[in-house]
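As given, the protein sequences belong to chains A and B, one line each in that order. Letter by letter, the first sequence follows residues 1 to 149 of this note's numbering. Letter by letter, the second sequence follows residues 1 to 43 of this note's numbering.
Don't read these hints as lab results, they were simulated from the structure. Don't take each hint at face value.
Sample of chain A residues at the chain B side, in silico, Cβ under 7 Å [claimed, not checked]:
#	residue
1	Glu40
2	Asn109
3	Ile110
4	Glu111
5	Gly113
6	Leu116
7	Gly127
8	Gly130
Derived coverage of chain B by chain A (criterion: at least 3 residues anywhere in the stretch with Cβ under 8 Å from a Cβ of chain A; other residues may be distant) [stated by the list, open to error]:
#	segment
9	14 to 20
10	24 to 36
Ideal Cβ positions, reconstructed from N, Cα and C, are used throughout, including at glycine.
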Amino acid sequence: METCLANLFLDLTMVKNYWAGAKRAYHHTAPVSSVFPRHEALNIVLEEGLETRWARHQAVHQHLRTQLEKRGFRFLVDKPYRLPNLNAVFLPEGIDEAPLRSKLLDQFNIEVGGGLGAFAGKLWRVGIMGESATKNHVNMLTSALDELM
Amino acid sequence: MGPEPSDAHPRVLKAMASPLIGHLDPMFVSMMDEVKALFSKPF
Numbered sequence: 001m002e003t004c005l006a007n008l009f010l011d012l013t014m015v016k017n018y019w020a021g022a023k024r025a026y027h028h029t030a031p032v033s034s035v036f037p038r039h040e041a042l043n044i045v046l047e048e049g050l051e052t053r054w055a056r057h058q059a060v061h062q063h064l065r066t067q068l069e070k071r072g073f074r075f076l077v078d079k080p081y082r083l084p085n086l087n088a089v090f091l092p093e094g095i096d097e098a099p100l101r102s103k104l105l106d107q108f109n110i111e112v113g114g115g116l117g118a119f120a121g122k123l124w125r126v127g128i129m130g131e132s133a134t135k136n137h138v139n140m141l142t143s144a145l146d147e148l149m
Numbered sequence: 001m002g003p004e005p006s007d008a009h010p011r012v013l014k015a016m017a018s019p020l021i022g023h024l025d026p027m028f029v030s031m032m033d034e035v036k037a038l039f040s041k042p043f
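Kindly produce the complete structure, drawing on both the sequences and the hints.
Here it is in structure tokens:
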């Protein structure tokens, strides 16, 4: 059964018509300051090239993996199923994750994510995405860990 | 280096700091069309 949406903000048909083309049906005032950076970000992605970008994330992931495993971290997910840009890793034996995570943030300005749900307090989620997917980021993290652990 | 947000490219930060124009300004309207076209490439 088709019914009209009671909520204007959730009415995607109206949003679609607003973005449709030269004849714009008013739905909202576009967030101009959000569209500018979106436009720029998409251009940056296409200038680098999708394939090159994927390869960069994969290379940085391999570097992160080598460096973390060398220090006793273990990956949660089996190799074929890993997402290169978000790495869930168990900490080395005997290390309390929360204090170490706080020190990383307080002393080195590096934020990593803690585990969620059943993994709370047990693992870290380390992101290497977009501009953060560089070997320098990984080196910064592992050097800080060497000082703290 | 958490699960998000990630660092933003300096060009993106600069775009975020750009002076605003009207949402019906022809320049903005054509940018909306460009954004739609750009989105269709990586996704």
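Hint by hint, here is what the structure shows:
Of the supplied interface hints, the one on Glu40 (chain A) holds, with its beta-carbon coming within about 4 Å of a beta-carbon of chain B, less than 7 Å. Using the Cβ-Cβ criterion of 7 Å, the hint placing Asn109 (chain A) at the interface with chain B is not satisfied: the shortest such distance is roughly 10 Å. Given the 7 Å rule on beta carbons, the hint for Ile110 (chain A) holds: about 6 Å separates it from the nearest Cβ of chain B. Nearest Cβ of chain B to the Cβ of Glu111 (chain A): about 5 Å, under the 7 Å cut. The hint holds.
The closest approach between the C-beta of Gly113 (chain A) and any C-beta of chain B is roughly 4 Å, which is under the 7 Å cut-off, so the hint is satisfied. A least Cβ separation of about 9 Å between Leu116 (chain A) and chain B goes past the 7 Å threshold, and the interface hint is therefore violated. Below 7 Å, beta-carbon pairs count as interface contacts, and Gly127 (chain A) has one with chain B at about 5 Å; its hint therefore holds. For the restraint placing Gly130 (chain A) at the interface with chain B, the shortest Cβ-Cβ distance is roughly 5 Å, inside the 7 Å limit, so the hint holds.
Here's how the segment 14 to 20 of chain B fares: 5 of its residues keep a CB closer than 8 Å to some CB of chain A, so the rule of at least three is met and the hint holds. Counting residues of the segment 24 to 36 of chain B whose beta carbon lies closer than 8 Å to any beta carbon of chain A gives 9, which reaches the threshold of three, so the coverage claim holds.
The structure fails to meet hints 2 and 6 from the earlier list, while all remaining hints are met.
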